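Colleague: Chain residues, written in single-letter form:
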Amino acid sequence: MDVILPNLGFLLSGLATTAVLALISIVAGTVLGIVLGTLRYTSVPVLGQAAAIYIEFTRGIPLLVFLFLFYFALPALGGYKVSAYVAAAQGFSFFIGAYLAEDFRSGLRSVRPQLKQAARASGLTETQVFRHIVLPIALRRIIPTLFNQYVRLFKFTSVASVIGVSELTGRAMLVNAREFAPIAIIVTLALTYLVCCLALSSIGRALSHRFTVRT
Amino acid sequence: MNYSFDWSVIWEYRELITRGFINTVLLSLLGLIFAALLGILMGTLASVSSRRLRWIATIYVETARNIPLLIHMYFWYIALAYLRLPAFACAVLGLSIYSGAYVTEVVRSGIAAVPRGQYAAALATGLPPFAAMRHVVYPQALKIVTPSLAGLASQLIKDSSLASVIAVAELTYEAGAIEGLTFRTFEAYIFVSLLYLALVTIVSQVLMLLTRSRKSETISVSEG
Amino acid sequence: MSDRPMIEIESVSKWYESFRVLSDCTTAVGRGEVVVVCGPSGSGKSTLIKCVNGLEPYQEGRILVEGVEVGAKGTNLPELRAGIGMVFQHFELYPHLSVLENITLAQRQVLKRSKAEADERGRALLARVGLAEKERQMPADLSGGQQQRVAIARALALDPKAMLFDEPTSALDPEMIHEVLAVMSELAAEGMTMMVVTHEMGFARRVANRVVFMDEGRIVEDVETEAFFTAPESERGRDFLSKILNH
Numbered sequence: 001m002d003v004i005l006p007n008l009g010f011l012l013s014g015l016a017t018t019a020v021l022a023l024i025s026i027v028a029g030t031v032l033g034i035v036l037g038t039l040r041y042t043s044v045p046v047l048g049q050a051a052a053i054y055i056e057f058t059r060g061i062p063l064l065v066f067l068f069l070f071y072f073a074l075p076a077l078g079g080y081k082v083s084a085y086v087a088a089a090q091g092f093s094f095f096i097g098a099y100l101a102e103d104f105r106s107g108l109r110s111v112r113p114q115l116k117q118a119a120r121a122s123g124l125t126e127t128q129v130f131r132h133i134v135l136p137i138a139l140r141r142i143i144p145t146l147f148n149q150y151v152r153l154f155k156f157t158s159v160a161s162v163i164g165v166s167e168l169t170g171r172a173m174l175v176n177a178r179e180f181a182p183i184a185i186i187v188t189l190a191l192t193y194l195v196c197c198l199a200l201s202s203i204g205r206a207l208s209h210r211f212t213v214r215t
Numbered sequence: 001m002n003y004s005f006d007w008s009v010i011w012e013y014r015e016l017i018t019r020g021f022i023n024t025v026l027l028s029l030l031g032l033i034f035a036a037l038l039g040i041l042m043g044t045l046a047s048v049s050s051r052r053l054r055w056i057a058t059i060y061v062e063t064a065r066n067i068p069l070l071i072h073m074y075f076w077y078i079a080l081a082y083l084r085l086p087a088f089a090c091a092v093l094g095l096s097i098y099s100g101a102y103v104t105e106v107v108r109s110g111i112a113a114v115p116r117g118q119y120a121a122a123l124a125t126g127l128p129p130f131a132a133m134r135h136v137v138y139p140q141a142l143k144i145v146t147p148s149l150a151g152l153a154s155q156l157i158k159d160s161s162l163a164s165v166i167a168v169a170e171l172t173y174e175a176g177a178i179e180g181l182t183f184r185t186f187e188a189y190i191f192v193s194l195l196y197l198a199l200v201t202i203v204s205q206v207l208m209l210l211t212r213s214r215k216s217e218t219i220s221v222s223e224g
Numbered sequence: 001m002s003d004r005p006m007i008e009i010e011s012v013s014k015w016y017e018s019f020r021v022l023s024d025c026t027t028a029v030g031r032g033e034v035v036v037v038c039g040p041s042g043s044g045k046s047t048l049i050k051c052v053n054g055l056e057p058y059q060e061g062r063i064l065v066e067g068v069e070v071g072a073k074g075t076n077l078p079e080l081r082a083g084i085g086m087v088f089q090h091f092e093l094y095p096h097l098s099v100l101e102n103i104t105l106a107q108r109q110v111l112k113r114s115k116a117e118a119d120e121r122g123r124a125l126l127a128r129v130g131l132a133e134k135e136r137q138m139p140a141d142l143s144g145g146q147q148q149r150v151a152i153a154r155a156l157a158l159d160p161k162a163m164l165f166d167e168p169t170s171a172l173d174p175e176m177i178h179e180v181l182a183v184m185s186e187l188a189a190e191g192m193t194m195m196v197v198t199h200e201m202g203f204a205r206r207v208a209n210r211v212v213f214m215d216e217g218r219i220v221e222d223v224e225t226e227a228f229f230t231a232p233e234s235e236r237g238r239d240f241l242s243k244i245l246n247h
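Residue numbers (this note's numbering), protein chains in the order written: chain A, 1 to 215; chain B, 1 to 224; chain C, 1 to 247.
Everything labelled a hint here was simulated from the structure, so no lab data went into it.
Please read all numbers here as calculations on a predicted model, not as lab measurements.
Do not take every clue at face value.
Claimed, not checked - Interface residues of chain A toward chain B, partial, derived using beta-carbon atoms under 10 Å:
1) Ile4
2) Leu63
3) Leu69
4) Ala73
5) Leu194
Backbone N, C-alpha and C define an ideal beta-carbon position, used for all residues, glycine too.
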């Protein structure tokens with residue numbers, strides 16, 4: 001404790017960075033997941049196939065390599081500069097988006113065709129059927145999966161320290177370099193992630209309980 | 001785009017890439033074996049009637065999978081540095097314990113999916129509990145969960161790239177090395193991305209194929 | 001258009017790939033008329049009724065609803081469907097919406113009614129089908145018979161000119177069939193134009209003006225109700241009746 005307390009402010013602001021990074025990536029990744037999942041679900045020509053290729057590629061490579069693509073490779077290719085923080089946010093969002101896209105697609109597919117038919121029969125247009133029937137049902141059904149992915153993403157954010165983002169893990173390593181108390185620091189770090197992830201999961205459970213679709 | 005491609009560096013540094021690839025395969029293989037053993041052990045504990053034993057499994061699963069893999073590796077490599085474990089061993093430990101939690105959940109659900117009567121019937125024929133699990137429950141559970149296990153295996157291969165952070169010379173690490181030597185950033189990272197993609201695709205396809213070829217053995221049981 | 005039947009089906013044929021599910025079907029439903037469509041399973045009766053509001057496409061012939069051709073390219077199908085209520089075998093209530101929301105969704109989205117207006121209409125219809133106290137419940141909390149009554153209220157909420165029923169009681173337990181048929185009989189008595197696919201021959205005999213008997217994708221008989229029950233013209237019709245009545 002005597003190494004943690006003096007550095008508490010420093011570590012907590014790292015935790016704040018982690019939380020903001022996770023939140024940005026969760027929101028952006030979810031939006032991307034819905035768009036890509038919808039493109040796959042409706043099998044829009046060209047765009048649907050492009051989405052499929054993107055999803056397959058992203059799901060086939062490690063997160064760390066994906067982050068390196070956004071931090072090193074793409075800026076080198078495009079001749080632009082990007083901060084580690086922005087690269088991490090981009091990388092996480094695009095990475096988690098690919099996984100969420102598949103979850104959304106299976107959620108969208110879980111809606112029975114007869115139910116869509118009934119909605120059409122009442123005069124709803126295809127867009128209205130999607131917006132008011134298919135999407136809300138799919139969203140509710142995948143809340144548990146969604147939050148599993150969010151927890152995964154929260155853990156992922158620790159990898160941002162590797163490209164130099166000063167989030168929780170990065171700051172803990174800095175404190176360790178100064179104080180050299182690796183056991184205390186790493187155990188504290190582990191417990192902090194543990195508590196945050198458990199909290200995130202329990203939010204997910206509460207939401208999925210609240211929004212269960214019973215048939 | 002002013003970037004001029006030079007893919008020759010890949011061929012030039014093929015030895016680094018080959019070494020990294022072999023290490024990635026070794027790391028993944030060992031990680032898989034230990035994660036499977038741990039997962040079978042804990043998954044079985046999670047399925048027994050003793051509440052105390054089930055708690056052990058629950059605490060393990062919740063702790064191991066809610067801590068980032070990177071921190072798992074740091075734990076062995078930095079926190080327990082005085083043990084002087086080689087980086088490769090730290091990576092295997094971190095990977096196995098982290099992934100073992102996911103395997104535990106899969107094994108538990110597999111065992112739960114085998115009808116209880118199967119275990120009872122095996123005991124009734126005089127098999128001791130361990131043999132009943134070994135010959136009757138596990139084989140059926142394995143068949144049910146093979147797709148999930150294939151998914152976990154590909155996940156573990158991808159996760160092994162984090163070993164590069166504690167200086168294990170696997171594929172991602174070597175990509176960084178080539179990048180440092182040649183500044184061919186894009187070529188190096190895209191090439192290893194494709195290698196991972198190929199490895200993950202092949203492994204998951206092979207595992208799925210194994211399930212399909214064994215499907216014929218399944219007896220269909222009509223319910224009710 | 002006063003004398004014209006509400007629904008006209010003229011020489012309609014339909015194929016799934018190379019399999020012919022409807023062959024040269026011709027019939028009509030007049031204003032205020034109740035037509036029961038019956039026949040063995042797989043005879044195409046559900047497919048035919050789903051062609052009427054364009055849920056199923058057909059390849060030959062024409063279907064006109066108040067003179068508008070369902071299968072024509074320029075037809076605004078959502079608009080046409082909004083004018084025809086439909087009730088399904090498995091109710092198809094929206095599982096994520098409350099009972100009242102099930103009834104107000106299309107009112108608000110299609111007819112652009114205000115929330116207050118849609119709620120009021122929804123409550124009135126729920127009271128009419130005897131489920132006034134259920135408006136806040138979720139569909140899964142209701143019995144099958146109650147769900148089907150909500151589905152009828154949902155269809156009526158759009159003030160349809162005609163109602164299509166696709167085996168509305170086939171998925172119900174016997175003790176719930178009556179409550180649904182009672183609502184349907186009431187509707188018929190009020191002069192609603194109805195096309196009903198059903199095996200409930202008692203209902204057909206009491207309520208229907210005409211019976212359309214189908215077999216193997218063809219309309220085999222299309223006669224006055226009494227004529228069908230007392231003296232079916234076709235061998236298949238007699239066969240069907242004897243099976244279903246002795247059941």
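Colleague: Each of the hints needs a verdict: does it hold here or not?
Modeller: Here's how the hints hold up against the structure:
{"no.": "1", "hint": "Ile4", "result": "violated (14 Å)"}
{"no.": "2", "hint": "Leu63", "result": "holds (7 Å)"}
{"no.": "3", "hint": "Leu69", "result": "holds (5 Å)"}
{"no.": "4", "hint": "Ala73", "result": "holds (4 Å)"}
{"no.": "5", "hint": "Leu194", "result": "holds (5 Å)"}
Checked against the numbered hints above, the structure breaks only hint 1 and satisfies the rest.
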